[in-house]
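The lines below spell out each chain.
There are 8 protein chains.
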Amino acid sequence: MRVRDQKLIRAQDVLAKQLVCGDMTGKVVILMGSEKDLEFCREIAKHLKALGIEHDFRVASAHKTPEKVLEILKEFEQQKIIYITVAGRSNALSAFVDANTSKPVIACPPYSDKFGGADLYSSLRVPSGIGSVLTIEPEGAAVAAAKIFAVEDHALEKKVIEYHNAMRKEIEKADESVRKTK
Amino acid sequence: MRVRDQKLIRAQDVLAKQLVCGDMTGKVVILMGSEKDLEFCREIAKHLKALGIEHDFRVASAHKTPEKVLEILKEFEQQKIIYITVAGRSNALSAFVDANTSKPVIACPPYSDKFGGADLYSSLRVPSGIGSVLTIEPEGAAVAAAKIFAVEDHALEKKVIEYHNAMRKEIEKADESVRKTK
Amino acid sequence: MRVRDQKLIRAQDVLAKQLVCGDMTGKVVILMGSEKDLEFCREIAKHLKALGIEHDFRVASAHKTPEKVLEILKEFEQQKIIYITVAGRSNALSAFVDANTSKPVIACPPYSDKFGGADLYSSLRVPSGIGSVLTIEPEGAAVAAAKIFAVEDHALEKKVIEYHNAMRKEIEKADESVRKTK
Amino acid sequence: MRVRDQKLIRAQDVLAKQLVCGDMTGKVVILMGSEKDLEFCREIAKHLKALGIEHDFRVASAHKTPEKVLEILKEFEQQKIIYITVAGRSNALSAFVDANTSKPVIACPPYSDKFGGADLYSSLRVPSGIGSVLTIEPEGAAVAAAKIFAVEDHALEKKVIEYHNAMRKEIEKADESVRKTK
Amino acid sequence: MRVRDQKLIRAQDVLAKQLVCGDMTGKVVILMGSEKDLEFCREIAKHLKALGIEHDFRVASAHKTPEKVLEILKEFEQQKIIYITVAGRSNALSAFVDANTSKPVIACPPYSDKFGGADLYSSLRVPSGIGSVLTIEPEGAAVAAAKIFAVEDHALEKKVIEYHNAMRKEIEKADESVRKTK
Amino acid sequence: MRVRDQKLIRAQDVLAKQLVCGDMTGKVVILMGSEKDLEFCREIAKHLKALGIEHDFRVASAHKTPEKVLEILKEFEQQKIIYITVAGRSNALSAFVDANTSKPVIACPPYSDKFGGADLYSSLRVPSGIGSVLTIEPEGAAVAAAKIFAVEDHALEKKVIEYHNAMRKEIEKADESVRKTK
Amino acid sequence: MRVRDQKLIRAQDVLAKQLVCGDMTGKVVILMGSEKDLEFCREIAKHLKALGIEHDFRVASAHKTPEKVLEILKEFEQQKIIYITVAGRSNALSAFVDANTSKPVIACPPYSDKFGGADLYSSLRVPSGIGSVLTIEPEGAAVAAAKIFAVEDHALEKKVIEYHNAMRKEIEKADESVRKTK
Amino acid sequence: MRVRDQKLIRAQDVLAKQLVCGDMTGKVVILMGSEKDLEFCREIAKHLKALGIEHDFRVASAHKTPEKVLEILKEFEQQKIIYITVAGRSNALSAFVDANTSKPVIACPPYSDKFGGADLYSSLRVPSGIGSVLTIEPEGAAVAAAKIFAVEDHALEKKVIEYHNAMRKEIEKADESVRKTK
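Chains as they are written, first to last, in this note's numbering: chain D, 3 to 184; chain E, 3 to 184; chain G, 3 to 184; chain H, 3 to 184; chain U, 3 to 184; chain S, 3 to 184; chain X, 3 to 184; chain V, 3 to 184.
Do not rely on the hints blindly, as some may be mistaken.
Said to hold, decoys possible - Beyond 12 Å from chain H on every Cβ pair, some chain D residues (computed):
| id | residue |
| --- | --- |
| 1 | GLU69 |
| 2 | LYS76 |
| 3 | LYS82 |
| 4 | TYR113 |
| 5 | SER130 |
| 6 | HIS156 |
| 7 | LYS161 |
| 8 | TYR165 |
| 9 | GLU174 |
| 10 | SER179 |
To be verified - Here are the simulated BS3-like pairs of lysine-lysine, each with C-alpha atoms no more than 30 Å apart in a straight line:
| id | chain 1 | residue 1 | chain 2 | residue 2 |
| --- | --- | --- | --- | --- |
| 11 | U | LYS76 | D | LYS175 |
| 12 | H | LYS161 | H | LYS29 |
| 13 | V | LYS51 | X | LYS29 |
| 14 | U | LYS160 | U | LYS29 |
| 15 | V | LYS38 | G | LYS160 |
| 16 | S | LYS175 | E | LYS48 |
Note that these hints are calculated values from the structure, not bench results. We put the beta carbon where it would ideally sit given N, CA and C, even for glycine.
Start from the sequences and build out the full structure, keeping to the hints where you can.
Structural data, given as structure tokens:
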């Protein structure tokens, strides 16, 4: 089959799917372990907005209110959702959420290099079978979420590509600018 | 709307979508920076198989053969793909791939606690705008990939839930077993 | 009041209390996150036995089976209990248990110096209001538990003192032995 | 025996014990290695007060005035006491106190992440037979002490449970609050 | 052959070479991964100027604009060039440049002791066959570049020796000065 | 000027220079602080040989025999030389050599991740004005040396490029091989 | 022999020695690698003065002016001297001095917890046969020097004991003071 | 005064002192916290013997038997003594001994790079006024002790110089040997 035909067929697929699931755009639930991290969560939200993705803020602690966490997971069970979990210090929340949902879980603990960054290991040294993944940049968490939804959402896929292109243009411009510098 | 009705409608949605995109099951491309990491990649593949997800193995180095990496990305551009990138030591591959594709990228560097685990920071301290995410467990990478595809694939979502349930049963059994121990 | 009188009165107190609560000797629940840590838990149990303290072994995961953990806590709610929690890697179990019980919680994660000991921080960097405490030695966990029960149990208090004395005698003997060495 | 009966009997036990040992409420001795740590110790005291537990402040150095430490231990030998030991840098005090008393010892060194937190290891890498346990949070030390006394003191046990409940309510309120935020 | 004769012949060699390659003085390309590091790069440039070495500033990202990096390398292929690569966080740029040029590559990441200096390992833990070398001091990068050109450029060699002598004189003067201090 | 002409002129330059300095091929002096590191130095030598570069082995300690180090530097003063300095533990040798010669100095301490790699900092935290640079791979040290000589030696430049190409082919082959694997 | 007699004889010994070597009081040479550390050296000097010990300040760099260091060592060869060596970053000075003198060498690098304290290892990971010892406290360096001279100087020994006693009294006073605090 | 005269006078001084204090040769007390470290202590003793210095082995724990430590210190109070203190893990012994004696104290903890070497900080982060100094090499501890006694003992001073010379000759021989190697 020629490339042009492939593209045509693919375009039709996309169209057909848009008809069927067009109203099911995804959403990110930013779940924080403590209200103290709200400012950091807003940073994530800012980047999600730039990528055109909706979000909800929620607070629940895996240590202190595990049943509340489970209720929230239940609440979103039937929705098209990605969790971005935000918990500082010893991060139990991310793996806890991951073990109790089939939704993707992106751990994005608030930036800290205390104790040489030892807190990060609490997000990485998860038990067997846990699929939560880690990024330490709010923008990174937003981009990762966008890419996950973009697996099916071709409009979003385009936005991610544009986002990349903007990054590249910025570097081109910077190169032009510094070359004149001495 | 009552819960029962919601479920019914949802089931119909799923059916409709199955008809439209039933043949578009996703695949994981396990991209390693060096053939030395093949054994580690097989471990990831083992868990992908257990979850019923196909995979391809590829080798390319962001440092040494950047153009080859870009070609591989091009090759998979039109496919439903998640990248699991495997690169030890200083991991340039994961962020490199992420910056040049709209597909999700899961960094899963081969396990090493050399230099107190300092290599992990090369996967985490990525530049602005990069969405690659990190897990240090092969099983974790497979589960994360499964969850991403499961956002749209309800059969796979079920499998993830069963996977979780199996984990839980194992713990129940272990509890029974140790209680008899003194 | 003279010291002798104080001692007399105190002896009577102890006697009276023995009559009332003599049958309420405490027990340690060694709760592990995974059966893999059973060998390590047996080491703790060995030292508890040496101090004459009973123990139960249990398995439950804060990440994977939080509700089971809560059930176990409920099960022991009315008993005179100290928890020794044993969870490797990212230790969510100890703070989780602590937040959901009024019993003392001693975290004793299996010995590991991977990643420069970074895992230990997951036991220390607990959220506000958490009272779980950390020791990395199985014998230390047993002695700490003994001391907690000994606050009220004067027979056990005596045992702890004897335990200390035995430690001291060992050092005395060692000194005698090495002095002859050249 | 039915649960109701158990509860009844238990209530009687508690009453009987209250009569016998009602006047023997415990106290925490906050022993610091240097007066410089007084501010940090006041933080611990604040949380003890919130939990209704009395405290004494004392200063003695395991390195410089070991005999004074031993005298203080002697002074409290006949009392219902928990030690919270506060010593920065190389913490000899906690294990020293622990080896020379049958009372529980909670090490709570003043917060420092100098040298990547290396000082913490001086509180953890204790010799064989030492039962001192570590927390790095003043509030944590207070809660741990409360839980130890609560093993026998049912009024205090209730306070701990209320303390927990207050923590939970705070999280519930925070969740309500952030949900309205965008 | 006597030392004097050796020196004579050597002087003639130098002269002959000066005639042939006198117009081929080298240049340093300071390639930064982001414009944010310009200030740090200026610091390097300051020391290059002090040693009489020309430089160009360029911006390109190994992660985001690998093809641009390759173009820059092509641009300088026929020139007498040393690269000083400046990339913070996870440094892919230095090894990337090194693998794709035959020119010497000196990695000089912007000074950071975040996470206990873990970022430095991304400059050191390079794949097999990579020859980029690391210094963390802007002045050090300039001196290293000067020494490389000085292998053939005897005028520059002299400058390096004078640079050393100035360092030594400073120390002599400091010694004089502190000796009078009490 | 057209590219072809540029190349022609350049070829002539090279020829002219070859005539003049053809007999002045460079050499690497591998200077180790202790004979214990000879095996590691042989590894460096192996890669130098593969690149067609001659080497000398020498032993001298900056701490113990500083005058001997200075003598060796004197011995090679008139030669076309690069130093690769090999000193484990606290590496004084590299910066010492660098401060006392105008030749390039590549520090290549024997591989060790003891104390979380802390020894590496003794090679990096050099005083002001020091131009020694660090690599932790014997092959990397050899490639770096080759690139320095290749600044003037076009035959060697070619060899470096071939070396790179061989690396790339190996990756191509590995990719072919793993693609057939499942 | 009775204790009183022993003391008497000892007093006579001391007297006799005082007559013979009374004019040979020792001195500390504070040798710094750079004038930048003068402020830190003054701190050491302050404590030496408090203990009645004379000092000289000197500057010389093991890396940059090794011959000057050797000259200084020669200068003091016939004197009763202890070296306190002060060099930040990669400390070559202390082991260098130690290897080239028979005098005691106390390394006291300026306080820094950069890179998680990695610089300290350059003072500790010394080559075989090196006897330089490390303290990170200026007061500690002064006390250590005092104790070394006090091996023979009984007047100084007394001063050290008084110094200790003053430390103890301070703690006693602090205890009195905090006991009144609530 | 001419150098020759100075030397003459100095020789007479030495002779006179030899007469007075000739019988007062010093001794090293190797005090270990646990008999487990005896093998490591023997290593220290081996090097002391090579330098002609006597030693005693003793065992006492600062944590467990502080009064025994104080007794040992008393026992040696009137002797010419240096302490080498050997205590693994959290080293309380060295600073404890230092605070309670006027004798020099050299901490030489058994070699361990567990937890990235964190134990070493327990030897370094000593309280104000403590003069114990650290070396991690048994040979280093012996050489340091020799140098301290050599401040007054000129025969020993000579031995230290010979020891140094032997080190140097070894390096000379190694250089000869490796130069022939290719």
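Evaluation of the provided hints:
no.	hint	verdict
1	GLU69	violated, 9 Å
2	LYS76	holds, 14 Å
3	LYS82	holds, 19 Å
4	TYR113	holds, 15 Å
5	SER130	holds, 26 Å
6	HIS156	holds, 27 Å
7	LYS161	holds, 20 Å
8	TYR165	holds, 22 Å
9	GLU174	holds, 35 Å
10	SER179	holds, 36 Å
11	LYS76/U with LYS175/D	holds, 19 Å
12	LYS161/H with LYS29/H	holds, 16 Å
13	LYS51/V with LYS29/X	holds, 29 Å
14	LYS160/U with LYS29/U	holds, 18 Å
15	LYS38/V with LYS160/G	holds, 28 Å
16	LYS175/S with LYS48/E	holds, 24 Å
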